[in-house]
Amino acid sequence: MMMLELKNIRKVFNQGKSYELVAVDEVTVSLEAKKITVLKGPSGSGKTTLLSLAGCMARPTSGRIFLGDRELSSLPERFLTEIRRTHFGFIFQQFNLVKGISTLENVMLPAYPLGGPHSALKKHAHELLELFGIGGRASSKAEWLSGGEAQRTATARALINDPPVIIADEPTAHLDTKLSREFMDIVGRLKEQQKTVIIASHDPLVYEAAVIDRVITMRDGKIEGLDV
Amino acid sequence: MILHPAIIALLVSSCMMSCLTLYADYYGILIIRRWDIGSGSGNQLELERRTYLISTILAYVFGFQLFSLFLFVYTADSLCPLFTGAMCAVGTLQVNSYGFPVLLLKLANFILAGFWLIINYADNRGYDYPLIRIKYAYLAFLTPLIIAEAVLQTLYFLGLHPDIITSCCGSLFSDSGSGITSSLSSFPPSLMKIILFVAMATALGASVLFYRTGKGAYFHGFVSAVLLPVALVSVISFIGPYIYELPMHHCPFCVLRKEYGYIGYPLYLTLLSGAVSGMGVGILTPFKKRASLVDVIPVLQKKLAFFSFVCYALFALIVLYRILTSNLVL
Amino acid sequence: MHSWIEKQRNIIDFTLSSLSRRKGKNIALLLVYTLLVFLLASVMFFTHALKREAALTLRDAPEIVVQRISEGRYEPIPRKYIAVLNKIKGVTSVRGRLWGYYYDSVVGANYTIMVPENFPYKSGDITIGSGVSRVRLAVKDDMIPLRAYDGISIIFHVRDVFSSESELVASDLLLVSEPDYRRLFGTSKDLFTDITLKVRNAKEIPTIAEKIVLLLPDARPITKREILRTYESIFDWRSGIIVAILTGAVLAFIIVSWDKASGLSADEKKEIGILKAVGWETSDILLMKFWEGAVISLSSFLAGVLLAYVHVFFTSAILFEPVLKGWSVLYPEFRLVPFIDPYQVSTLFFLTVVPYTVATIIPSWHAATIDPDSVMRS
Numbered sequence: 146m147m148m149l150e151l152k153n154i155r156k157v158f159n160q161g162k163s164y165e166l167v168a169v170d171e172v173t174v175s176l177e178a179k180k181i182t183v184l185k186g187p188s189g190s191g192k193t194t195l196l197s198l199a200g201c202m203a204r205p206t207s208g209r210i211f212l213g214d215r216e217l218s219s220l221p222e223r224f225l226t227e228i229r230r231t232h233f234g235f236i237f238q239q240f241n242l243v244k245g246i247s248t249l250e251n252v253m254l255p256a257y258p259l260g261g262p263h264s265a266l267k268k269h270a271h272e273l274l275e276l277f278g279i280g281g282r283a284s285s286k287a288e289w290l291s292g293g294e295a296q297r298t299a300t301a302r303a304l305i306n307d308p309p310v311i312i313a314d315e316p317t318a319h320l321d322t323k324l325s326r327e328f329m330d331i332v333g334r335l336k337e338q339q340k341t342v343i344i345a346s347h348d349p350l351v352y353e354a355a356v357i358d359r360v361i362t363m364r365d366g367k368i369e370g371l372d373v
Numbered sequence: 405m406i407l408h409p410a411i412i413a414l415l416v417s418s419c420m421m422s423c424l425t426l427y428a429d430y431y432g433i434l435i436i437r438r439w440d441i442g443s444g445s446g447n448q449l450e451l452e453r454r455t456y457l458i459s460t461i462l463a464y465v466f467g468f469q470l471f472s473l474f475l476f477v478y479t480a481d482s483l484c485p486l487f488t489g490a491m492c493a494v495g496t497l498q499v500n501s502y503g504f505p506v507l508l509l510k511l512a513n514f515i516l517a518g519f520w521l522i523i524n525y526a527d528n529r530g531y532d533y534p535l536i537r538i539k540y541a542y543l544a545f546l547t548p549l550i551i552a553e554a555v556l557q558t559l560y561f562l563g564l565h566p567d568i569i570t571s572c573c574g575s576l577f578s579d580s581g582s583g584i585t586s587s588l589s590s591f592p593p594s595l596m597k598i599i600l601f602v603a604m605a606t607a608l609g610a611s612v613l614f615y616r617t618g619k620g621a622y623f624h625g626f627v628s629a630v631l632l633p634v635a636l637v638s639v640i641s642f643i644g645p646y647i648y649e650l651p652m653h654h655c656p657f658c659v660l661r662k663e664y665g666y667i668g669y670p671l672y673l674t675l676l677s678g679a680v681s682g683m684g685v686g687i688l689t690p691f692k693k694r695a696s697l698v699d700v701i702p703v704l705q706k707k708l709a710f711f712s713f714v715c716y717a718l719f720a721l722i723v724l725y726r727i728l729t730s731n732l733v734l
Numbered sequence: 126m127h128s129w130i131e132k133q134r135n136i137i138d139f140t141l142s143s144l145s146r147r148k149g150k151n152i153a154l155l156l157v158y159t160l161l162v163f164l165l166a167s168v169m170f171f172t173h174a175l176k177r178e179a180a181l182t183l184r185d186a187p188e189i190v191v192q193r194i195s196e197g198r199y200e201p202i203p204r205k206y207i208a209v210l211n212k213i214k215g216v217t218s219v220r221g222r223l224w225g226y227y228y229d230s231v232v233g234a235n236y237t238i239m240v241p242e243n244f245p246y247k248s249g250d251i252t253i254g255s256g257v258s259r260v261r262l263a264v265k266d267d268m269i270p271l272r273a274y275d276g277i278s279i280i281f282h283v284r285d286v287f288s289s290e291s292e293l294v295a296s297d298l299l300l301v302s303e304p305d306y307r308r309l310f311g312t313s314k315d316l317f318t319d320i321t322l323k324v325r326n327a328k329e330i331p332t333i334a335e336k337i338v339l340l341l342p343d344a345r346p347i348t349k350r351e352i353l354r355t356y357e358s359i360f361d362w363r364s365g366i367i368v369a370i371l372t373g374a375v376l377a378f379i380i381v382s383w384d385k386a387s388g389l390s391a392d393e394k395k396e397i398g399i400l401k402a403v404g405w406e407t408s409d410i411l412l413m414k415f416w417e418g419a420v421i422s423l424s425s426f427l428a429g430v431l432l433a434y435v436h437v438f439f440t441s442a443i444l445f446e447p448v449l450k451g452w453s454v455l456y457p458e459f460r461l462v463p464f465i466d467p468y469q470v471s472t473l474f475f476l477t478v479v480p481y482t483v484a485t486i487i488p489s490w491h492a493a494t495i496d497p498d499s500v501m502r503s
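Chains as they are written, first to last, in my numbering: chain Y, 146 to 373; chain A, 405 to 734; chain D, 126 to 503.
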């Protein structure tokens with residue numbers, strides 16, 4: 146399995162302007178496969194940016210990112226998206242489900258551009274929803290789901306293309322304790338399936354959980370500490 | 405000028421397309437100067453975003469060129485009653501000296517835009533945009549041609565006055581008389597048939613050869629390039645007469661008419677598609693060795709060769725069918 | 126190949142659901158688009174159908190009509206010219222024609238009175254067009270008076286009213302016998318209005334026309350082809366003018382389309398951001414936008430063309446009536462023969478779909494290049 150390496154990564158927004166922001170400042174870190182890593186730190190520490198860089202959602206202003214021995218940082222968007230689609234599944238802080246369409250369709254969305262047979266995709270999506278216990282909500286519109294159901298839909302969506310890496314940004318921000326613990330159970334199950342999970346969170350329920358293999362602390366765009 | 409709706413449509417849309425192409429070219433030149441794939445700076449990302457716009461514009465221009473080529477001929481054909489001596493499109497096109505140049509430019513621009521799209525497709529499949537500068541330099545070359553076409557077309561339509569006396573295809577494409585069109589029309593049909601047969605067989609053979617072995621890409625491109633004019637001359641020389649069932653009627657435009665079942669459209673469409681894709685195989689060959697395209701180009705070339713084969717085969721079938729079912733024997 | 130089709134299918138699926146979720150915005154655009162297509166199509170269908178009617182009517186017309194010109198104006202032509210014309214090689218029949226305009230002060234209308242080649246009735250009888258019948262409230266077997274050139278009223282017996290099929294050309298027509306015509310207009314026995322010639326070989330028409338001018342210096346030959354040409358250019362010109370005027374409408378349409386396409390709501394932007402975040406490429410979004418445009422264009426185009434077809438061929442262009450009717454009291458009630466060809470449809474396509482597509486290219490691209498990153502930090 147491939148390791149994700151970030152070398153001297155710098156991400157600057159609005160470069161050259163007076164309101165320039167250095168979100169990630171000279172970060173070098175290796176993220177191990179099949180392990181669960183948490184990026185811990187207050188808001189503004191750059192963990193969300195680092196997540197999006199690691200997950201091929203954005204290109205670094207400078208520095209290099211390697212997936213195994215393949216260099217990702219200078220890839221054009223087309224290829225970055227291709228890699229992202231096949232290697233990474235995202236769970237966003239706000240879940241970001243598309244309103245107005247059903248839960249099932251939301252789960253199938255990431256696979257649409259791939260052009261695989263529609264019926265097989267539908268079946269796979271149903272299976273995922275069943276796996277997370279929300280099979281009965283398949284045809285409900287996304288906006289009618291409860292917080293926990295939306296969370297699980299987002300997780301199912303992240304898994305539709307069967308990616309080896311799952312990235313979650315503040316997954317427990319909108320969940321109560323019970324649902325947060327349930328989410329960590331799901332993370333444990335993912336680990337059993339040999340998936341790599343990278344989570345950004347400032348919730349102790351997350352970074353103090355037993356399933357976590359490694360915690361990376363961030364502050365002001367730099368890495369402060371690496372605990373195992 | 406004649407205020408015909410189709411003329412207004414052609415002028416307005418040509419004008420729009422020229423503006424779009426100019427706009428695309430502006431960014432193309434910007435890209436040539438400032439492109440730096442290794443950089444992750446905001447400017448570079450903006451340039452990468454622009455490439456999508458340019459590709460989209462060029463795709464539409466290509467489609468438009470094809471439509472406007474046929475609409476232009478159709479318009480010329482339907483305007484012929486207004487000119488003394490004109491019986492079909494040929495007469496209308498000869499009213500002033502811009503007519504045929506516009507037609508040829510439209511054809512050329514269609515083919516050239518097709519090439520650009522093929523190169524663009526290949527470039528996008530390479531992980532480091534290997535052909536980016538070449539492709540936008542090519543665009544800079546293509547843009548003035550597209551603008552020239554719009555300008556010439558305007559001049560042509562402005563110069564159409566209904567009281568001008570012109571001649572019909574009968575005199576332009578007649579066996580007697582001087583001029584290149586007459587020589588083409590009076591070329592012995594049996595000889596032309598043989599030439600077309602040889603050229604077509606070679607082209608189809610080259611496609612099969614390339615598809616199976618990957619060899620002979622340049623040859624494939626060359627043969628396709630030759631087949632296009634040969635086929636066009638054949639239409640004038642003998643295919644037309646077979647379709648019209650009149651040995652003296654050599655006009656290449658009347659095949660587009662309703663009374664012949666609009667057969668001109670599938671005929672020319674298959675021919676042009678086959679030509680662009682066939683020549684495309686050859687065009688891509690110089691870039692085969694680029695690191696990021698080593699896997700991409702052979703696959704693309706195969707697809708093009710296959711498509712070209714299908715198109716040319718269809719063309720041959722249509723021609724054969726019409727010759728066999730025609731009441732004329734040449 | 127199969128996966129390409131599946132991909133298009135998926136994207137079209139999503140596009141349709143996306144469009145239906147934004148009905149309000151899209152309905153307004155659809156209406157405007159349809160209206161534009163409807164207007165342009167109506168104009169084009171109408172003029173083209175009229176052109177065709179004229180051409181069909183002229184099909185049986187004589188190849189050459191000879192008029193006499195005196196002092197630069199048209200004058201009745203002497204009977205003795207017929208013998209001269211008969212001698213020209215290639216001319217098969219020569220016939221003097223009598224026809225003129227009659228102003229009916231009672232109703233304020235202009236009629237055309239003509240002596241046909243074979244008038245089946247006798248002197249004192251008349252056959253009238255349906256327009257005349259309507260305006261003078263005269264039907265078969267009625268008597269209608271007409272005022273002759275010297276002020277004396279002559280009573281005519283209506284023997285027949287022309288069927289409605291010929292409305293377009295015969296609505297204002299009255300047919301009388303030759304003696305009655307000459308009595309009505311005071312035309313002397315050795316004059317005709319003009320002379321018609323039928324020619325055996327159409328290719329010889331220009332030669333014969335030349336000969337006529339040589340033999341009869343004050344005669345002007347008018348060929349059928351010239352008439353057709355004049356009709357064509359008038360119709361083309363008229364429809365062209367209207368289309369040119371409507372270019373203003375097209376321009377407004379372009380601006381509206383651009384505006385609608387650019388004005389992405391926050392919701393729409395979010396949706397595209399999400400799509401990109403979960404793995405849709407810019408080219409996939411562009412594809413979606415393309416299908417969006419295609420669906421809107423196709424529905425508007427079809428609706429507009431259909432409505433125009435019904436308008437022109439079933440209601441006889443009822444919306445144009447006020448504009449056209451102003452010309453005459455005798456507005457024919459006609460039914461145009463439905464006629465539509467791919468050429469008209471292509472021209473319409475170029476006048477409507479192409480501007481729409483051009484207007485939406487750049488806004489679509491802007492939408493497609495939304496940064497997925499922005500979704501992460503919202």
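Misleading hints may appear alongside valid ones.
Okay, the calculated beta carbon distance ranges per label pair [as the list claims (entries may be wrong)]:
1) A:437 - Y:239: 50 to 56 Å
2) D:427 - Y:333: 53 to 59 Å
3) D:393 - A:445: 26 to 32 Å
4) A:664 - D:351: 58 to 64 Å
5) A:419 - D:142: 34 to 40 Å
6) A:501 - D:273: 41 to 47 Å
7) Y:350 - D:160: 39 to 45 Å
8) A:662 - D:128: 57 to 63 Å
9) D:372 - A:721: 42 to 48 Å
10) A:504 - D:142: 29 to 35 Å
11) D:160 - A:501: 27 to 33 Å
12) Y:286 - D:128: 26 to 32 Å
13) D:420 - Y:286: 50 to 56 Å
The following residues of chain A were derived to be distant from chain D, with all beta-carbon distances above 12 Å [what the hints assert, rightly or not]:
14) 433
15) 445
16) 455
17) 467
18) 505
19) 555
20) 617
Just so you know, the hints here were simulated from the structure itself, not pulled from any lab data. Note that the Cβ used here is the ideal one computed from N, Cα and C, for glycine as well.
A quick look at each hint next to the structure:
1. A:437 - Y:239: 50 to 56 Å: Violated - the Cβ-Cβ distance for residue 437 (chain A) and residue 239 (chain Y), about 40 Å, lies outside 50 to 56 Å.
2. D:427 - Y:333: 53 to 59 Å: holds (56 Å)
3. D:393 - A:445: 26 to 32 Å: Roughly 28 Å apart at Cβ, these two residues keep to the hinted range, so it holds.
4. A:664 - D:351: 58 to 64 Å: violated (28 Å)
5. A:419 - D:142: 34 to 40 Å: Roughly 37 Å apart at Cβ, these two residues keep to the hinted range, so it holds.
6. A:501 - D:273: 41 to 47 Å: violated (59 Å)
7. Y:350 - D:160: 39 to 45 Å: Check failed, 59 Å falls outside 39 to 45 Å.
8. A:662 - D:128: 57 to 63 Å: violated (39 Å)
9. D:372 - A:721: 42 to 48 Å: The hint (42 to 48 Å, Cβ to Cβ) holds, given that residue 372 (chain D) and residue 721 (chain A) are roughly 43 Å apart.
10. A:504 - D:142: 29 to 35 Å: violated (50 Å)
11. D:160 - A:501: 27 to 33 Å: violated (41 Å)
12. Y:286 - D:128: 26 to 32 Å: holds (29 Å)
13. D:420 - Y:286: 50 to 56 Å: Since the Cβ atoms of residue 420 (chain D) and residue 286 (chain Y) sit about 22 Å apart, the hinted range of 50 to 56 Å is violated.
14. 433: Residue 433 (chain A) clear of chain D: closest Cβ-Cβ about 18 Å, beyond 12 Å.
15. 445: Holds, because the least Cβ-Cβ distance between residue 445 (chain A) and chain D comes to about 14 Å, which exceeds 12 Å.
16. 455: Answer for residue 455 (chain A): violated, closest chain D Cβ roughly 9 Å.
17. 467: violated (9 Å)
18. 505: holds (21 Å)
19. 555: Holds: least Cβ distance 19 Å, greater than 12 Å.
20. 617: holds (23 Å)
Of the hints listed earlier, those the structure fails to meet are numbers 1, 4, 6, 7, 8, 10, 11, 13, 16 and 17, in rising order.
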